[in-house]
Amino acid sequence: MEVLQQAAAEDAADGVGATAESREMIRDTLLGLPDSELSRYGISSAELQTEGAWEDRVAEVWRKRQVDLKAAMESVADTHSIFTGYLGVLQDPAASAEELVAMLDVVAEQLMDVDLANDFHSMGGWPIVAALLAEEHPEGVRAAAAAVIADSVRNVPEFQGWVGVDKLGRLEVVGDDAGGDGSGEVTALDLLTDMFSSSSSTPKEQQKALFALSAALYNHPANLDKFLDLGGAAKLSAVLAPPEGAPKQDSKLIQRAINIAADLAFEAAESASDELRAVLARFFEEGLCAVAGEGAGAWKSAPARRAYAMLLMHAGEILPLKEICSAEELTGAVTSLAMLLEMESAREGDIAFFEDAVQTMEQLLV
Numbered sequence: 001m002e003v004l005q006q007a008a009a010e011d012a013a014d015g016v017g018a019t020a021e022s023r024e025m026i027r028d029t030l031l032g033l034p035d036s037e038l039s040r041y042g043i044s045s046a047e048l049q050t051e052g053a054w055e056d057r058v059a060e061v062w063r064k065r066q067v068d069l070k071a072a073m074e075s076v077a078d079t080h081s082i083f084t085g086y087l088g089v090l091q092d093p094a095a096s097a098e099e100l101v102a103m104l105d106v107v108a109e110q111l112m113d114v115d116l117a118n119d120f121h122s123m124g125g126w127p128i129v130a131a132l133l134a135e136e137h138p139e140g141v142r143a144a145a146a147a148v149i150a151d152s153v154r155n156v157p158e159f160q161g162w163v164g165v166d167k168l169g170r171l172e173v174v175g176d177d178a179g180g181d182g183s184g185e186v187t188a189l190d191l192l193t194d195m196f197s198s199s200s201s202t203p204k205e206q207q208k209a210l211f212a213l214s215a216a217l218y219n220h221p222a223n224l225d226k227f228l229d230l231g232g233a234a235k236l237s238a239v240l241a242p243p244e245g246a247p248k249q250d251s252k253l254i255q256r257a258i259n260i261a262a263d264l265a266f267e268a269a270e271s272a273s274d275e276l277r278a279v280l281a282r283f284f285e286e287g288l289c290a291v292a293g294e295g296a297g298a299w300k301s302a303p304a305r306r307a308y309a310m311l312l313m314h315a316g317e318i319l320p321l322k323e324i325c326s327a328e329e330l331t332g333a334v335t336s337l338a339m340l341l342e343m344e345s346a347r348e349g350d351i352a353f354f355e356d357a358v359q360t361m362e363q364l365l366v
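Numbering of the sequence shown is given in the UniProt record's numbering, commencing with residue 1 and proceeding in unit increments.
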């Protein structure tokens, strides 16, 4: 925010975008904002990097941004006062579950704004919200706290880092296979991993935890590594392919779980990042090979079945799955994909996509 304010002050005296040089400076500054913020001004990072798509528009975008910044600077005191009030409610031991949920809903809406999310974090609000993920709190409170985290960190790497780095104090993690040390300091990542994998969590809590995890893990290698260190791959796999005798999982939970893995495979393939490929390989080594072999034929959700196919297609293209998974698991994956292809043919779905996935996996068996 300081960089933008400084640039705005420098340009205010001689007019926004008066020269090609100043327009480029403005463009470079705007590229520091996420697309979610740029969309407020009717432009995207892709357009700002495309010759001829931004030159005539950047002056007006910058003018609107300056107006917003001026209003933000004038309301800093008000924002601090408002957030202090929010935190007072969230920390009040006498607050009811209904009051906490209502307050968290308000906070979630506010923190979708990047600047406000950063201000809230700077004021120490983050650990207060994240601590409400702990199992001692009611279902609605935990679910609402997870929603705040999901809405505030999505697509902003710095904010995603809060999930895995910021310590919340000595909160107890009491899941079936707790990620923390049981009594030491934990992070939101510890609590979210525990929340989705614990048998004592409700389906709603599990879904919201996976929703927040998907936002925190997306294209963020550091968080992905920490998630794996917490046994995350095995825990996701237990959702997707429950052990024999375990109850079947909710369709929404399956979809959220497979989307985390499929998003990782897509990003690893698109970016050609060795770091992401290494993380994806570890996911397969620690659980996804079993999921691949088990298959997705019994899943009711069509989007989840498609995500399963996307996961295997991309992983088969960029990983030596023949060395990571057993022949039996790969054969099971091909059988499952062939079944999904038949299902897609019957419902007139995206047949070509599933054909490509089947072909990719079949080549691994040659």
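Simulated from the structure, these hints should not be mistaken for laboratory data.
Treat the hints with caution; some may be incorrect.
Calculated lysine-lysine pairs in the DSBU-like style (CA-CA distance at most 35 Å, straight line) [said to hold, decoys possible]:
hint, residue 1, residue 2
1, K322, K248
2, K252, K322
3, K204, K167
4, K204, K248
5, K252, K300
6, K248, K300
7, K300, K322
Now the in silico label distances, taken between C-beta atoms and shown as ranges [stated by the list, open to error]:
hint, residue 1, residue 2, range
8, N118, E185, 18 to 24 Å
9, R57, D250, 42 to 48 Å
10, E362, R57, 46 to 52 Å
11, K204, G85, 35 to 41 Å
12, T79, Q359, 53 to 59 Å
13, Q359, A71, 52 to 58 Å
14, E139, T331, 38 to 44 Å
In this text, a Cβ means the ideal position worked out from N, Cα and C, and glycines have one as well.
Hint-by-hint comparison with the structure:
no.	hint	result
1	K322 to K248	holds (29 Å)
2	K252 to K322	holds (30 Å)
3	K204 to K167	holds (25 Å)
4	K204 to K248	holds (15 Å)
5	K252 to K300	holds (9 Å)
6	K248 to K300	holds (11 Å)
7	K300 to K322	holds (29 Å)
8	N118 to E185: 18 to 24 Å	holds (23 Å)
9	R57 to D250: 42 to 48 Å	holds (45 Å)
10	E362 to R57: 46 to 52 Å	holds (49 Å)
11	K204 to G85: 35 to 41 Å	violated (28 Å)
12	T79 to Q359: 53 to 59 Å	holds (55 Å)
13	Q359 to A71: 52 to 58 Å	holds (55 Å)
14	E139 to T331: 38 to 44 Å	holds (41 Å)
Hint compliance for this structure: hint 11 is the single one not met.
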